[in-house]
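The task is to assemble the complex, starting from two chains supplied on their own in separate frames and drawing on the hints.
Protein chains in written order, with my numbering: chain A, -19 to 296; chain B, 175 to 462.
So these bits of chain B aren't anywhere near chain A, every CB distance computed over 12 Å: (1) P185; (2) Y193; (3) P197; (4) P230; (5) V309; (6) R348; (7) D351; (8) K359; (9) Q367; (10) G369; (11) A383; (12) L385; (13) P391.
Restricting the straight-line Cα-Cα distance to at most 20 Å, the calculated cross-link-like pairs of lysine to any residue (SDA-like) are: (14) A:K86 / B:V309; (15) B:K220 / B:T343; (16) A:K86 / B:A191; (17) B:K259 / A:F2; (18) B:K259 / A:A3; (19) A:K86 / B:W437; (20) A:K86 / B:G298; (21) B:K220 / B:V309; (22) A:K86 / B:E189; (23) A:K86 / B:E190; (24) A:K86 / B:V314; (25) A:K86 / B:A435; (26) A:K86 / B:D312; (27) B:K259 / A:R1; (28) B:K220 / B:Q243; (29) A:K86 / B:R431; (30) A:K86 / B:D432; (31) A:K86 / B:F301; (32) A:K86 / B:G192; (33) A:K86 / B:Y193.
The set of hints was computed from the structure by calculation and includes no laboratory data.
We put the beta carbon where it would ideally sit given N, CA and C, even for glycine.
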Amino acid sequence: MTTRESAGDRAAGTTGQDGRRFASYYDRHVVKPPVWHERYVGGYLYLGGLAGASSVLAAGAELTGRPRLARAGKVAALTGISLSAAALIADLGRPERFVNMLRTFKPTSPMNMGSWLLAAYGPLAGAGAVTDLTGRFPAAGRAACYGAALLGPAVATYTAVLIGDTAVPAWHGGHREMPFMFAGSAMASAAGAALLAAPAAENAPARHAAVLGTVLELAAGRLMRRRMGMVAETYERGRAGSLLRAAETLGVLGAAGALAAARAPRPRAIAALSGAALLAASACLRLGVFAAGVASAEDPRYTVVPQRERLSAAAS
Amino acid sequence: MTTGEMAPRAPQVQEEAGYPRHPPRMGFFTDTSVCIGCKACEVACKEWNRLPADGPFELTGMSFDNTTQLSASTWRHVAFIEQRKPVRAPGGPAGDQQDLRWLMASDVCKHCTDAACLNVCPTGSLFRTEFGTVVVQDDVCNGCGYCVSACPYGVIDKREDDGRVFKCTLCYDRIGDGLIPACAKACPTESIQYGPLDELLERAEARLADLHGDGVPDARLYGNDPADGVRGNGAFFLLLDEPEVYGLPPAPRDATRDLPAMWAHAAVAAVTLVCGIAVAFAGSRRAG
Ligand code: SF4
Ligand code: SF4
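Next up, chain B with everything else stripped away, as it sits in the complex (with noise of 0.2 Å):
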């Protein structure tokens, strides 16, 4: 978590994919303390994706949550917590404790530097946008399931009745046309802010030193650090409490980052085969 005064610069990962010239990196600043779960975004975000629904409508038990996670069909997920926990409101009076506290959060493709789902693609078909987000080409994927495993935040899935994975594109088709995301215009609080990554950055900085004055010391930022698993994210966080209560993994990872060596112990794992093959045979001449 970073808590210097300068907000680390976003890596420019449109130029380690080869555009020359290219906008702005555009990211998502999805600021959940001031989310209050109405889940405009989730329908925004179906509507002008057209996505279909994710199956019959269940009541699940988990607050209100009947969405219950990111699928190929639902790109923006809003995720409701209730804790025992005594807190005080940002800018409440100092005696002003409650019992319970409602955390909601909007969760979402976190477009990462380091994008897994993109690494592993067998056809190249999910790929880095010029602004620097990661989009799949429909037209290409094969439905080969890899990118759903591979992505260390449970993102990207498959709609098994079409066959093809499918997630967030950070509304490629709008921000071309210099629209903004379906889900950031229909948001009322201005929870999920969009705009260039490095301004996101900042302003993430000087609301998370509010917060901190504030007296909300459990605020974080999530996904803000070029030096983690992924080299930061497209789409960061600020967040009430650990990843993990919101159901994101609390130090996500690359596997790529680990391809080398992979590569390596196969290797020798296959030299290995061979001279066990070898040795097979060298001690079978008289009985062969």
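Okay, chain A solo, but in the shape it has when bound (with noise of 0.2 Å):
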């Protein structure tokens, strides 16, 4: 008989931590946790936002004559979408079948849109570093930098969009904020690896690109969880809670440290620690939108309380 009874109760409903009841199927997932790896997506959602912006760095240090910051930026952009690629490809259950993202042309698929963009913007890329370190044909270098700077930012923002169009709640629900948290962190790990790989007498602009990042990406968060309702738990707990705390505090102190660099007693120490927490910030946040996608997927909760909200908003 108690079987019967835990059996039939644990079906009915159960009761979240804030005490709201809501039914479930003996509290099952409703939708599907993501079979993506946390590893490779989420490199791939980092990795991509670091290349994208280090195109726009490149560029703007290119048209303002500083050649190590462009330098850095155009192989940070080059590793950065090689990388990304890579992971992607090796997310994959059919690796061989990659090339199968380009048979179509598909505008309500953000993978496939996403896939055409690396297509376009990977060879710039490429051509940018490459002709840079050899020093070849610089006029197509410069062309290339320039073309690589006109779709990197896509290339940093899209990625919330991929994820966004999903039902999984976390990432659904912050659809509209998410592509401003991920710019900035994008600017921000730009930032920091050209912090790490230009010379000071070069890197005013990333140092001010590595604060403005950090708060772009910090206020766009805020705005998120604050608009998300109550699937914002799901960044405040568990492994994303610690992910996007170590995020934001890393964050702050390279934006600090970025600041301060300029007129500390070892600028390019402090420079080279400042970029470094830059780009852990963005991995860490970005490893954690992956795992809070993951936990709210996890839990029926998370879909079908604010659905039921939902329809009673719709009855009323």
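Following this line, the structure appears as structure tokens:
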């Protein structure tokens, strides 16, 4: 009898941590938790952002005559985009069929659009970096650098659309603010790479970008969680919560260090440390967003309760 | 939930998909009020589609449900719910109050009118058939897993050892030859009914009216409404409780509906990124 009772009670409803009752089927998830791997797809989000924003930074450096900052940006862009493409392919169940992504042109699929974007951006980022490092074809290299800077911002923000266009409550629920959070995080990480690689004499723009990017990321993230209702919990608890708190701490330290580096006694070391902190912050942010998505899909509460609220709002 | 006398006509999704001539839209009506939980559908589906086992057999403690969910290798799943709820058996005497009621329901891919899985699939592997159903082409799928996160019902899933995704095809290989899907064929109580969607919708309305007349006020249709977040399902249900009790989302939505807004936000964010970096350079004229 006790089995029956508990089976019945478990099937009929679950009381959430906040005491709100909602019905579920044995507390099992309604939507499937993502089958994506955190290290690959989380890494893809991170590296794509780093690459895209680095291309913009490189173009700015090119335009303002800062060759070493430009080189740092171009190399970061090529490294980021190569690794991010590799991560995307590694995540596939059938990696040898990666090119099937380009067998159609499908605007309703952000992953398809993203693949076309990468197909256009990757070679430009590659040409920009290689011509800079070898010193050959400088005019073509400059054109590639500006071309990559045109597409780079899209590479950095489209990944928010990629994860937003899903039934995963924590991702879809943040689809308005996520692109801004990702833009800020991308900017800060590109600034971080530049702070590591470019000399102090040229990296003032990177120091400012570090601060602006971190502010944008934190502000957009706050707004996102405030607007998201109960699903915001998934960004505050568990693994996602730890990662996002680490991202915030590292980001603030990195940005502060970047600002201080100019006047510090050992600017090179401070800049490098800040750069590393900013890179780590951005990685933590993307992994944290990924983990929040998984947590929100695993618990039926985050699917059922907001949908119930939507239904009663529509009825009243 | 529809209460009018005329069943809403199912959207003719084949025309939208570009079929100039096509058979009627086919679907499933799963009437859970007559399901006896025999799992003949699960077995028939496994056999016809040669689906592998889901993994080592385990007793879950979830009533008679040891399958637990739809997956890449389970395309029909029978849910069992035990409830402490006084109910009158349909047609039974008014005083026949029972303490425990047992709900059973065979779940399946909904073959959504607005199918999120199909919309997000980057390879075009998922496609709309001439019957209006949604099918994976396993020679095209590259196992990106996007559809798994997109489906608002948690239906489609990836077989990790194979790398690709799988789900119900509404027996595409049978219905093209005029056969009925294996699960519907095997169902001994006609809980699973297969046919042209418009006919099924009419039949479901009639069945719902009968049940309400019989004093089963809990009965409701699910997935029949073209005004819902997926413009209705090709496979819809008659349920005896809230959808979430069966593990179904109460208000599913195709996230792709927000795609224009998402792209717009991403575009503004991209411009913000460029402006931010421009400001960073503008503020550095002296120092640089
Ligand atoms: S229920 Fe899920 S898998 Fe089936 S058609 Fe709808 S979105 Fe696709
Ligand atoms: S896993 Fe296969 S069917 Fe699903 S979205 Fe990717 S390519 Fe399409």
